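**Student:** Here are the chains, one letter per residue:
Number of protein chains: 2
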Amino acid sequence: MKVIETINEFHKTRNNITNKVGFVPTMGYLHEGHISLVKQARTENDISVVSIFVNPTQFGPNEDFKTYPRNMQRDLAMLEPFTDYVFAPSDKEMYPEGYNTWVETRGITEVLEGAIRPGHFKGVTTVVNKLFNIVQPTKAYFGQKDAQQVAVIKKMVKDLDMNLEVVVCPTLREPDGLAMSSRNTYLTPEMRKGAPVLYKSLQKAQTMVEEGEQSVTAIRREMTDIINKEPLANIEYISFTDNETLKEVYHVKQTTLVSMAVKFGKTRLIDNIVLG
Amino acid sequence: MKVIETINEFHKTRNNITNKVGFVPTMGYLHEGHISLVKQARTENDISVVSIFVNPTQFGPNEDFKTYPRNMQRDLAMLEPFTDYVFAPSDKEMYPEGYNTWVETRGITEVLEGAIRPGHFKGVTTVVNKLFNIVQPTKAYFGQKDAQQVAVIKKMVKDLDMNLEVVVCPTLREPDGLAMSSRNTYLTPEMRKGAPVLYKSLQKAQTMVEEGEQSVTAIRREMTDIINKEPLANIEYISFTDNETLKEVYHVKQTTLVSMAVKFGKTRLIDNIVLG
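Quick note, the sequences are listed as chains A and B, same order. Just so you know, we're using the working numbering here: the first sequence kicks off at 765 and counts up by one. Just so you know, we're using the working numbering here: the second sequence kicks off at 765 and counts up by one.
Derived by calculation from the structure, the hints in this document are not laboratory data. Incorrect hints may appear among the rest.
[Claimed, not checked] Pairwise CB distance ranges, derived in the manner of DEER restraints:
| no. | chain 1 | residue 1 | chain 2 | residue 2 | range |
| --- | --- | --- | --- | --- | --- |
| 1 | A | GLU929 | B | LYS784 | 24 to 30 Å |
| 2 | B | GLU857 | A | GLU827 | 35 to 41 Å |
| 3 | A | ASN864 | B | THR807 | 29 to 35 Å |
| 4 | A | THR952 | B | LYS856 | 28 to 34 Å |
[Said to hold, decoys possible] Some chain A residues near chain B, calculated using beta-carbon distances under 7 Å:
| no. | residue |
| --- | --- |
| 5 | HIS775 |
| 6 | GLY871 |
| 7 | MET920 |
Bear in mind that the values here come from a model prediction, so they are computed numbers and not experimental data. Just so it is clear, CB atoms sit at the ideal spot from N, CA and C, and this is done for glycine as well.
Given these sequences and hints, build the entire structure.
**Tutor:** Next up, the structure:
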């Protein structure tokens, strides 16, 4: 495994690779969810590349950029068995003085996470575009946990004609159902105990649909009840949308994405499933 | 020479090319200036690619998108001796329904042409980004005539870490000094006769600098006088800026770009030189 810190060196390295490159962009503080992406990238390609970069431009001014958990040594140890190249640039390498080019996908970034975190997806599309230009992957791997991010990146890749395939992998969960996330580390033991309520409500939605329920109103009511029984949980949104366009739906279809954000104190947890 | 009309087919073709690719993006209606770029692209690379696409998103609502001159048959005949692949997509191929991703380089797009043509450079960076993703060139060739375009594209390539080199080639001129441009075809014979006044004023600036003049005010005064002697010419701007940052300068340096836009009736002509 080779760790590369500059764009220039990565470009030079990449110019000598003609094999298939599988790429997993991350913000580090890795968990089993990330590792499952890396394993799949390695299986489906000749070479696996992982980037570790906490991207400042996707955090709002009052968000957790400074406190976002970081542990490069641990990350590298976890990646070592499965990874050929790690790209770990500094903030200044990615955004040098005078940096001023932005990639923006509109139409699907104004809702859900984008509505609550203005500018977030502009930061995401910009950094992922840059990382794709640096790594030039054959396939890039993302977790379904960030459902809107997946939809936005797929749309950017399609609109900008990027010559690569976006592969979406299932959300990995703790034994009690909580979706794995680097931000879970923010939870107090009490919050952590209540956090599986997100997935419980999603499972309830799935069961209701399997039993024939199609009304979004009815399903949302049941989900809200389940989450509100947990005193530390505060619902930001429970949303039913088309999985690709993220347009709101009122009757459940095969491609309906149920996504949610729930706050425990200052910590926002997100989760989702595709129904049907 | 092979003509390719779809992104998908170009990607497939490109995946089988490991040689150096030289790329010349054009809006067609080719002249000797374009051909000189193609010749250089062919000389410096193994394979030459030319795109022909009149990009709707870089024209303002009151600009000449519909009347922009087009002649695909003539263009292909001119390219045939020097070109391996022509990429000639339809508008719908490049901007299908629901298209909504935009690449924007800020800081240097608000002045000069960008000030007069709002949104123009957003259209330019978006389409050039797409074309670079489709063609994946080793080197891309642009004419110095569009000086701001060159600066903007260089900045976009640098900011977005695109793995290619932007090569800038000298402006080709008619025998009387008029910079070659597809839009010269709009000029009436009378306007055409007066049009070399742009280059005459630029030559005057060059001479003054060689003779020791450094004051932008003094040079601009002489240039303005020369152009205003031509009754059909209306100056939009004569601008002295740093060649890279496009920040205004008041004393001439080695890297000072003198650029101008002059209207003849409804036709805008632009021209420039780098002083020193």
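**Student:** Looking at the structure, which of the earlier hints fail to hold?
**Tutor:** 4
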